[in-house]
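**Q** Sequence:
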Amino acid sequence: MPEGHTIHRAARLQNKRFRGHEVQSESPQGRFATGAAQVDGIELSKIHANGKHLFYEFATGDIVHVHLGLFGKFRIRSLPTDDPISPNCRWLFSTETDRLHLAGPTACEVIDADQMDSIRDRLGPDPLVKKHPDDPVEKLAQRLSRRSIPIGAAILDQKVIAGLGNVYRAEILYLIGLDPFTPAKEVGEEYLAQIWAESVRLLTLGEKAGRIVTTEPGDVGRRRRSDIKRSERLYCYKRDGQPCRRCGDIIRTADIDGRNIWWCPTEQ
DNA sequence: GCTGCATGATGAA
DNA sequence: TCATCCTGCAGCA
1 MPEGHTIHRA ARLQNKRFRG HEVQSESPQG RFATGAAQVD GIELSKIHAN
51 GKHLFYEFAT GDIVHVHLGL FGKFRIRSLP TDDPISPNCR WLFSTETDRL
101 HLAGPTACEV IDADQMDSIR DRLGPDPLVK KHPDDPVEKL AQRLSRRSIP
151 IGAAILDQKV IAGLGNVYRA EILYLIGLDP FTPAKEVGEE YLAQIWAESV
201 RLLTLGEKAG RIVTTEPGDV GRRRRSDIKR SERLYCYKRD GQPCRRCGDI
251 IRTADIDGRN IWWCPTEQ
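Letter by letter, the first sequence follows residues 1 to 268 in the numbering used here.
No lab work stands behind these hints: they were computed from the structure.
Honestly, I wouldn't trust all of these hints.
[Stated by the list, open to error] Capping the alpha-carbon separation at 25 angstroms, the derived lysine to aspartate or glutamate pairs in DMTMM-like fashion look like this:
#1 Lys229 - Glu216
#2 Lys185 - Asp157
#3 Lys46 - Glu26
#4 Lys46 - Asp114
#5 Lys130 - Asp114
#6 Lys238 - Asp227
#7 Lys16 - Glu26
Could you build the full structure based on these sequences and the hints that come with them?
**A** Pasting the structure below:
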């Protein structure tokens with residue numbers, strides 16, 4: 001489920017296992033054969049995340065850039081393991097004790113520091129990054145002040161905010177009570193501040209939990225967050241036809257730029 | 001066994 | 001706006 005929280009969590013957990021180690025690297029599928037060979041036997045200095053992008057920095061200065069896209073998946077195992085290596089495995093690397101298996105990424109390529117910077121430069125503020133050179137809310141206001149696209153489209157644009165995907169966009173707009181079709185330029189700064197604050201809060205929760213949970217226990221009839229069932233984790237994503245957890249109105253769905261959005265016409 | 005869809009992004013038209 | 005790339009799995013025959 002690759003939205004920004006998944007990527008940052010992957011960086012954090014993979015650093016624990018692989019940072020500072022020499023890795024054996026290969027591409028069983030073959031499509032990353034040259035790149036994998038280039039970092040084979042090299043020390044992996046560190047892994048970091050920006051928005052939905054991952055960067056594996058090696059001691060030689062080579063950087064492996066990974067973007068999971070819609071389908072990409074990691075499988076990480078302690079060695080030895082029975083876990084099979086898929087013929088679709090794009091990148092496989094291991095130390096003596098641990099193995100990473102990557103299949104289905106949109107991007108998996110060796111780049112240099114300049115190329116990494118240019119990828120990072122074109123991303124908007126990332127809610128899971130602590131320090132920002134400019135005030136993120138001002139940045140949002142600047143980028144959206146002349147845009148007539150719906151706010152629901154705007155916050156999926158990685159140049160606006162880096163890391164939100166289709167689940168978070170629906171849930172965040174629900175939580176702040178904003179109609180997804182509102183033209184971006186008409187969204188006031190108080191709402192932009194709320195979009196940012198909710199992005200930080202929810203992605204942080206998601207990064208810790210390893211899954212997206214946006215509901216408050218009271219709204220799903222439970223007392224503790226840990227008791228929230230799978231079917232109760234979200235307010236509107238994929239809940240069309242079902243009653244809103246807060247007001248009972250029926251959740252609706254529509255298409256914005258080829259992606260589905262869900263919302264409650266009363267709450268939003 | 002096949003079809004279609006999905007939490008993403010890009011490049012051409 | 002459309003086609004394309006990437007994988008896995010639910011739903012259906």
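**Q** Now, for every hint given, state plainly whether the structure supports it.
**A** Here is what the structure says about each hint:
no., hint, in the structure
1, Lys229 - Glu216, "12 angstroms, holds"
2, Lys185 - Asp157, "15 angstroms, holds"
3, Lys46 - Glu26, "19 angstroms, holds"
4, Lys46 - Asp114, "17 angstroms, holds"
5, Lys130 - Asp114, "23 angstroms, holds"
6, Lys238 - Asp227, "21 angstroms, holds"
7, Lys16 - Glu26, "21 angstroms, holds"
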